[in-house]
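J.: Chain by chain, the residues:
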Amino acid sequence: MDIELLTVLDWIGAAAFAISGALAAMERRFDLFGILIMAMVTAIGGGTLRDVLVGITPVLWMSNLAYLYFIGGISILAIAFRNELYRYKGSLELFDAIGLGAFTILGVEIGIQNGLHPLISVILGTMTGTFGGVIRDILRLKIPVIFHKEIYATASLSGGLLYLLLNSMDVQSDVIHISTTAYIIAIRFLAIRYQFSLPTFRLK
Amino acid sequence: MDIELLTVLDWIGAAAFAISGALAAMERRFDLFGILIMAMVTAIGGGTLRDVLVGITPVLWMSNLAYLYFIGGISILAIAFRNELYRYKGSLELFDAIGLGAFTILGVEIGIQNGLHPLISVILGTMTGTFGGVIRDILRLKIPVIFHKEIYATASLSGGLLYLLLNSMDVQSDVIHISTTAYIIAIRFLAIRYQFSLPTFRLK
Amino acid sequence: MDIELLTVLDWIGAAAFAISGALAAMERRFDLFGILIMAMVTAIGGGTLRDVLVGITPVLWMSNLAYLYFIGGISILAIAFRNELYRYKGSLELFDAIGLGAFTILGVEIGIQNGLHPLISVILGTMTGTFGGVIRDILRLKIPVIFHKEIYATASLSGGLLYLLLNSMDVQSDVIHISTTAYIIAIRFLAIRYQFSLPTFRLK
Numbered sequence: 001m002d003i004e005l006l007t008v009l010d011w012i013g014a015a016a017f018a019i020s021g022a023l024a025a026m027e028r029r030f031d032l033f034g035i036l037i038m039a040m041v042t043a044i045g046g047g048t049l050r051d052v053l054v055g056i057t058p059v060l061w062m063s064n065l066a067y068l069y070f071i072g073g074i075s076i077l078a079i080a081f082r083n084e085l086y087r088y089k090g091s092l093e094l095f096d097a098i099g100l101g102a103f104t105i106l107g108v109e110i111g112i113q114n115g116l117h118p119l120i121s122v123i124l125g126t127m128t129g130t131f132g133g134v135i136r137d138i139l140r141l142k143i144p145v146i147f148h149k150e151i152y153a154t155a156s157l158s159g160g161l162l163y164l165l166l167n168s169m170d171v172q173s174d175v176i177h178i179s180t181t182a183y184i185i186a187i188r189f190l191a192i193r194y195q196f197s198l199p200t201f202r203l204k
Numbered sequence: 205m206d207i208e209l210l211t212v213l214d215w216i217g218a219a220a221f222a223i224s225g226a227l228a229a230m231e232r233r234f235d236l237f238g239i240l241i242m243a244m245v246t247a248i249g250g251g252t253l254r255d256v257l258v259g260i261t262p263v264l265w266m267s268n269l270a271y272l273y274f275i276g277g278i279s280i281l282a283i284a285f286r287n288e289l290y291r292y293k294g295s296l297e298l299f300d301a302i303g304l305g306a307f308t309i310l311g312v313e314i315g316i317q318n319g320l321h322p323l324i325s326v327i328l329g330t331m332t333g334t335f336g337g338v339i340r341d342i343l344r345l346k347i348p349v350i351f352h353k354e355i356y357a358t359a360s361l362s363g364g365l366l367y368l369l370l371n372s373m374d375v376q377s378d379v380i381h382i383s384t385t386a387y388i389i390a391i392r393f394l395a396i397r398y399q400f401s402l403p404t405f406r407l408k
Numbered sequence: 409m410d411i412e413l414l415t416v417l418d419w420i421g422a423a424a425f426a427i428s429g430a431l432a433a434m435e436r437r438f439d440l441f442g443i444l445i446m447a448m449v450t451a452i453g454g455g456t457l458r459d460v461l462v463g464i465t466p467v468l469w470m471s472n473l474a475y476l477y478f479i480g481g482i483s484i485l486a487i488a489f490r491n492e493l494y495r496y497k498g499s500l501e502l503f504d505a506i507g508l509g510a511f512t513i514l515g516v517e518i519g520i521q522n523g524l525h526p527l528i529s530v531i532l533g534t535m536t537g538t539f540g541g542v543i544r545d546i547l548r549l550k551i552p553v554i555f556h557k558e559i560y561a562t563a564s565l566s567g568g569l570l571y572l573l574l575n576s577m578d579v580q581s582d583v584i585h586i587s588t589t590a591y592i593i594a595i596r597f598l599a600i601r602y603q604f605s606l607p608t609f610r611l612k
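Residue numbers (my numbering), protein chains in the order written: chain A, 1 to 204; chain B, 205 to 408; chain C, 409 to 612.
No lab work stands behind these hints: they were computed from the structure. Since this is a predicted model, take the numbers as computed values, not measurements. Just so you know, even glycine gets a beta-carbon here, dropped at the ideal spot from N, CA and C. Some clues are possibly wrong.
[Claimed, not checked] Capping the alpha-carbon separation at 25 Å, the derived lysine-lysine pairs in DSS-like fashion look like this:
| hint | chain 1 | residue 1 | chain 2 | residue 2 |
| --- | --- | --- | --- | --- |
| 1 | B | K353 | A | K142 |
| 2 | A | K149 | C | K550 |
| 3 | B | K346 | B | K293 |
| 4 | A | K142 | A | K89 |
| 5 | C | K550 | C | K497 |
| 6 | A | K89 | A | K149 |
| 7 | C | K557 | B | K346 |
| 8 | A | K142 | B | K346 |
| 9 | A | K142 | C | K550 |
| 10 | B | K353 | B | K293 |
| 11 | C | K557 | C | K497 |
| 12 | C | K550 | B | K346 |
[To be verified] Derived CB-CB ranges, DEER-like:
| hint | chain 1 | residue 1 | chain 2 | residue 2 | range |
| --- | --- | --- | --- | --- | --- |
| 13 | C | G523 | A | Q172 | 46 to 54 Å |
| 14 | A | G73 | B | I347 | 48 to 56 Å |
| 15 | B | K353 | A | L165 | 48 to 56 Å |
| 16 | B | I347 | C | S605 | 23 to 31 Å |
| 17 | C | R610 | B | K353 | 26 to 34 Å |
| 18 | C | F478 | A | G115 | 58 to 66 Å |
| 19 | A | L190 | C | F489 | 30 to 38 Å |
| 20 | C | H525 | A | D170 | 51 to 59 Å |
| 21 | B | S377 | A | Q113 | 37 to 45 Å |
| 22 | B | Y290 | A | K142 | 26 to 34 Å |
Let the sequences and hints guide you as you build the complete structure.
T.: And the structure:
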């Protein structure tokens, strides 16, 4: 059951990032294939970085054709329902937040499973959660969302720390995975809604 | 003989991408060393990504000094003959297309040799064929050619699928490698010449 | 003693790049966390690329929590003393030069220790020394410093070659590491001060 929940998280994160990538590509008027590439790169970017840094090769998506079909199918749905998705102005950020939450927690989990120090695993989680969006934004020449005004990486990092806290309290792992993912998504939603932001620093 | 043909393909692809990188750098008025760096990064980028994703380390170019000398030599020739190269307006795209064809097929081949699923190998091939150009364009802050109007990644992907088809028909491997590389280059040429493009999607 | 000197070089390079990353982020008015991310990415980028290309996984910083705390602490100091740092207009370039020198030589050393050809090790060193700065600049959408007018990668590459020369003359390794690092930093300083530059090429 536990492994299955992580798999579900993985697929939810991939779907959410694929949609965010497809939306970002359509905003730039990329063609059909450009949209599919952006969707895929956004969906697999974080996991690829995670696997390469940890030394899991071939990287995990390479042994999972169903995963790639799924990403492709979701991307086509995102194209078909683009106008419905765009009706809500914050769609891209919404799906990006879901991907951020799911992939952060998955990254923390894989770090711990591979014997990394818990705090290093949290950093790995944040890298896993944010990297897809960073590539998506660099490829269309925009400052990555990670550097935007509203808190973003902070949501991911604090979610990872919450994971460690709950883990040390012997909370059941399914509960940890669901609650921490939900926590990250919620923080990110609230940050966008109420424009939470961290201080910047004036240079004299 | 077969290994030799793949080596030839590898060197042709590297030379073509090196020239495209050098031309792109000269357009931006990068200095001598900047030109060499752009040439090298474009030439080795795709193969490096391929090796890292599959888990071939040290990556292949690191055990092949002659390959690097060759790339350096080609880059210097590209500088020397820059005006001849630029006389034909489409030089950059032309050499980029040759690199795309050669590296796609090499990537597919290496995926299959490393036991990846054939369709995953095709994706690996497309990544290998396109990544050098993506880095080249990002480093000079341009939207990567992969997202341009005329079909690009489609040429690479369909070439990879043609490889699988011919392979399943027991065509001799040298014939497959040459014909599929030529196919990708031809499709890309025709796409530029006649402005083939895929649909984009209007957002209401 | 020798291992310790390399460790010192590593920490000096990481501190210097962290400061350059923090300064670059503050110029763009990134928030607190954005500054920390830019500092960290700039500090660990080169070493990460080096480890991934050579096949050292998990990458080295993943087993060294103290190193990450150190980078974090230095980044916070950089924020606290930002106005002092900015009083000298060339701060970013200065710290970037120190990081370039230290990480280049560390990269050459690790290449040789891992059995790579000496010249390949020099290229690995140049990649290690320059990659953090390249990511830092791409993330804020600027043409990477490696392509700026004053010589940069040339300093790194010639420092690596000087390393090989001294090594072949049986100079003591501590002396080699210190003198070649100092050489790269000095060349880069002089290049900025006196605007040394390599030729560019006019296209007719």
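J.: Each hint: holds or not?
T.: Consistency of the hints with the structure:
no., hint, result
1, B/K353 - A/K142, "19 Å, holds"
2, A/K149 - C/K550, "19 Å, holds"
3, B/K346 - B/K293, "18 Å, holds"
4, A/K142 - A/K89, "18 Å, holds"
5, C/K550 - C/K497, "18 Å, holds"
6, A/K89 - A/K149, "17 Å, holds"
7, C/K557 - B/K346, "19 Å, holds"
8, A/K142 - B/K346, "11 Å, holds"
9, A/K142 - C/K550, "11 Å, holds"
10, B/K353 - B/K293, "17 Å, holds"
11, C/K557 - C/K497, "17 Å, holds"
12, C/K550 - B/K346, "11 Å, holds"
13, C/G523 - A/Q172: 46 to 54 Å, "47 Å, holds"
14, A/G73 - B/I347: 48 to 56 Å, "26 Å, violated"
15, B/K353 - A/L165: 48 to 56 Å, "51 Å, holds"
16, B/I347 - C/S605: 23 to 31 Å, "29 Å, holds"
17, C/R610 - B/K353: 26 to 34 Å, "30 Å, holds"
18, C/F478 - A/G115: 58 to 66 Å, "22 Å, violated"
19, A/L190 - C/F489: 30 to 38 Å, "33 Å, holds"
20, C/H525 - A/D170: 51 to 59 Å, "52 Å, holds"
21, B/S377 - A/Q113: 37 to 45 Å, "40 Å, holds"
22, B/Y290 - A/K142: 26 to 34 Å, "31 Å, holds"
The structure fails to meet hints 14 and 18 from the earlier list, while all remaining hints are met.
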